[in-house]
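Q: Sequence:
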Amino acid sequence: MAELTEQEQIRRNSLNELKKLGINPYPAALYEVNVKSSEILENYPKDNTLYQHISIAGRIMSRRIMGAASFVELQDAYGRIQLYIKRDEICPDEDKTLYNTVFKRLLDIGDIIGVTGYVFVTQMGETSIHVQSLTVLSKSLRPLPIVKEKDGHVYDAFSDPEQRYRMRYVDLIVNPHVRETFIKRAKIVNTMRDYFNEQGYLEVETPILQSIPGGAAARPFITHHNALDIDLYLRIANELYLKRLIVGGYAGVYEFARDFRNEGMDRTHNPEFTCMEIYVAYKDYNWMMTFVENMLSRIAMTLHGTTKVKVWGNEIDFGGPFRRAPMCDLIKEATGYDVLPMDEQQLRDTCKALNIEVDETMGKGKLIDAIFGEKCEPNLIQPTFVTDYPIEMSPLCKRHRNNPNLTERFELFVNGKELANAYSELNDPIDQLGRFQEQLRLSEKGDDEAMFIDMDFVRALEFGMPPTSGMGMGIDRLVMMMTDEQSIQDVLLFPQMKPEKKAPVTTDEEFVNHGVSAEWVPVLRKAGINTLSALKEANPNKLYNDLNGLRKKNKLEMPPLKKEELEKWMA
RNA sequence: GACUAAGUAGCUCAGCAGGUAGAGCACAUCCCUUUUAAGGAUGGGGUCCUGGGUUCGAAUCCCAGCUUAGUCACCA
Numbered sequence: 091m092a093e094l095t096e097q098e099q100i101r102r103n104s105l106n107e108l109k110k111l112g113i114n115p116y117p118a119a120l121y122e123v124n125v126k127s128s129e130i131l132e133n134y135p136k137d138n139t140l141y142q143h144i145s146i147a148g149r150i151m152s153r154r155i156m157g158a159a160s161f162v163e164l165q166d167a168y169g170r171i172q173l174y175i176k177r178d179e180i181c182p183d184e185d186k187t188l189y190n191t192v193f194k195r196l197l198d199i200g201d202i203i204g205v206t207g208y209v210f211v212t213q214m215g216e217t218s219i220h221v222q223s224l225t226v227l228s229k230s231l232r233p234l235p236i237v238k239e240k241d242g243h244v245y246d247a248f249s250d251p252e253q254r255y256r257m258r259y260v261d262l263i264v265n266p267h268v269r270e271t272f273i274k275r276a277k278i279v280n281t282m283r284d285y286f287n288e289q290g291y292l293e294v295e296t297p298i299l300q301s302i303p304g305g306a307a308a309r310p311f312i313t314h315h316n317a318l319d320i321d322l323y324l325r326i327a328n329e330l331y332l333k334r335l336i337v338g339g340y341a342g343v344y345e346f347a348r349d350f351r352n353e354g355m356d357r358t359h360n361p362e363f364t365c366m367e368i369y370v371a372y373k374d375y376n377w378m379m380t381f382v383e384n385m386l387s388r389i390a391m392t393l394h395g396t397t398k399v400k401v402w403g404n405e406i407d408f409g410g411p412f413r414r415a416p417m418c419d420l421i422k423e424a425t426g427y428d429v430l431p432m433d434e435q436q437l438r439d440t441c442k443a444l445n446i447e448v449d450e451t452m453g454k455g456k457l458i459d460a461i462f463g464e465k466c467e468p469n470l471i472q473p474t475f476v477t478d479y480p481i482e483m484s485p486l487c488k489r490h491r492n493n494p495n496l497t498e499r500f501e502l503f504v505n506g507k508e509l510a511n512a513y514s515e516l517n518d519p520i521d522q523l524g525r526f527q528e529q530l531r532l533s534e535k536g537d538d539e540a541m542f543i544d545m546d547f548v549r550a551l552e553f554g555m556p557p558t559s560g561m562g563m564g565i566d567r568l569v570m571m572m573t574d575e576q577s578i579q580d581v582l583l584f585p586q587m588k589p590e591k592k593a594p595v596t597t598d599e600e601f602v603n604h605g606v607s608a609e610w611v612p613v614l615r616k617a618g619i620n621t622l623s624a625l626k627e628a629n630p631n632k633l634y635n636d637l638n639g640l641r642k643k644n645k646l647e648m649p650p651l652k653k654e655e656l657e658k659w660m661a
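Residue numbers for the first sequence follow my numbering, beginning at 91 and rising by one.
No wet-lab data here; the hints were simulated from the structure. Heads up, a few of these hints could be off.
What the hints assert, rightly or not - With a straight-line cut-off of 30 Å between C-alpha atoms, the simulated DSS-like cross-links for lysine-lysine are:
hint, residue 1, residue 2
1, K136, K109
2, K400, K465
3, K507, K422
4, K176, K110
5, K442, K277
6, K398, K277
7, K442, K465
8, K422, K454
Because the structure is a prediction, the values reported are computed rather than measured.
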């Protein structure tokens with residue numbers, strides 16, 4: 091156990107004093123809560139006969155003690171409300187312990203309390219709760235970062251990203267907009283779920299542990315099943331499983347899937363992320379575009395009451411219909427090159443002419459994608475369906491009804507980022523097998539993201555899958571756009587972090603077991619010795635002087651340390 | 001993975017022509033019966049990220065490492 095800071099020690103002392111006073115700092119019984127802070131602030135000013143017998147609980151976020159009366163800001167799940175605590179009100183008898191000792195001295199910012207009382211307005215005009223009784227519900231042993239705010243100006247914000255993500259609980263306590271973001275995230279997901287369910291589509295769950303990681307081009311995580319003694323992969327997509335279910339006869343299936351990809355991490359990529367995929371029988375990608383437009387405008391309306399949303403400095407209009415443009419048209423628009431009829435070599439030359447880096451492993455599909463990614467993507471600010479991708483890029487997608495070199499695929503771009511990807515799904519089993527084999531060829535060429543052949547999936551298609559349209563949408567990205575957050579870490583409650591480094595520390599017990607006398611352990615730590623190895627390696631003369639020097643400086647009531655004693659500890 | 005920047009009190013940050021470590025909030029003690037980021041007075045609190053080097057002397061200069069952020073590369 092690392093040494094406690096002074097403030098932590100003071101809180102632990104307060105905890106013990108509470109116990110001595112017969113107050114349980116962590117009571118088991120429920121505390122009745124019959125009102126939310128937000129409803130009081132909303133309704134009381136309109137009708138001040140309301141809320142005259144209330145009971146509310148929350149966390150102390152600030153205190154202003156003015157002698158025999160005090161003001162506390164109490165934060166519950168819905169906001170903050172001021173408490174007015176008057177000594178003679180909560181301590182009507184002679185015994186003023188609850189106010190003078192418990193409230194003023196033993197409670198701190200961060201503690202959780204419950205109060206009963208009535209609502210009134212202070213002389214300063216703030217709706218407040220006049221407290222009549224106070225109950226300690228949970229003592230907080232660590233000081234919270236103190237964030238203050240006045241007229242929208244935030245003082246001393248708790249803003250260090252590492253601390254915010256590692257200690258998300260603290261972030262949520264002191265940064266209300268963070269709590270709000272995750273409420274919005276849930277609203278987005280619920281809106282989508284309602285939209286799908288209303289149309290009779292079925293929410294399903296498919297395997298995360300897969301023996302063939304299919305449905306996307308990405309590097310998977312590998313894990314091992316002991317009983318079967320086989321390697322399994324964490325899914326990179328659930329597409330092939332959902333299509334099996336369409337073969338099985340459902341009208342539509344969807345899943346909010348956690349996918350895992352063993353690739354880089356940055357502000358738009360987390361190793362695990364959520365992708366919603368939906369497959370609907372007897373539809374095509376044109377139908378799906380309209381379906382997506384309606385879904386997004388509904389989400390925007392639910393969240394913001396309008397389809398126009400501010401995202402990263404741009405005003406994005408999620409009210410459809412969105413622009414629909416074939417990929418090769420957009421490339422021609424941006425670069426003047428018509429890549430549609432080009433072969434692989436011509437594409438390489440074009441990339442060179444456009445100053446786009448390529449390598450030997452790239453096939454036609456990846457080359458075109460490179461040009462598109464470089465020259466077109468960043469310009470697609472308002473929602474745009476990019477359609478009709480080259481066949482090499484889309485091994486699971488049906489050939490275009492008018493051009494066999496293209497596929498019936500669209501990606502939806504918003505603010506220069508890909509938000510959704512959809513197909514008229516390939517349901518020709520022979521074509522599908524051929525496309526898998528082409529992927530195998532790419533893989534042998536060195537493309538480590540090429541897809542594996544999933545023979546069971548091909549077998550499923552051989553039984554017959556209806557014409558189907560499928561769509562996948564990155565939920566994290568969607569949430570980022572709908573909440574105007576710049577970083578995926580701000581829309582994931584617990585983003586992946588490197589493990590917290592832990593300094594090796596020797597416990598007090600270990601020091602004592604080693605022979606160090608207990609009263610000297612804190613002094614040793616003060617002298618900078620926190621591990622047994624540091625003790626053994628220290629200079630005995632310097633340490634001897636330091637320890638007795640600290641004893642004197644801190645006026646410790648114990649006999650001076652003898653040199654022989656110290657040498658025994660250091661042995 | 002590459003480059004750039006940062007790491008000082010519980011939190012937010014100053015300090016750097018090398019010379020005893022600072023502020024605000026928080027915390028402690030005392031005073032104060034309605035305050036609005038901030039009532040008054042006094043006080044305690046630091047492995048200046050870690051390890052080396054230069055130096056009489058390093059938070060400050062140099063090197064290496066760790067962590068974080070940003071940009072780039074791969075990817076959704």
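Q: If a hint holds in the structure, say so; if it does not, say that too.
A: To see whether the hints hold, each was checked on the structure:
no.: 1; hint: K136 x K109; verdict: violated, 43 Å
no.: 2; hint: K400 x K465; verdict: holds, 24 Å
no.: 3; hint: K507 x K422; verdict: holds, 20 Å
no.: 4; hint: K176 x K110; verdict: holds, 24 Å
no.: 5; hint: K442 x K277; verdict: violated, 46 Å
no.: 6; hint: K398 x K277; verdict: holds, 17 Å
no.: 7; hint: K442 x K465; verdict: holds, 13 Å
no.: 8; hint: K422 x K454; verdict: holds, 17 Å
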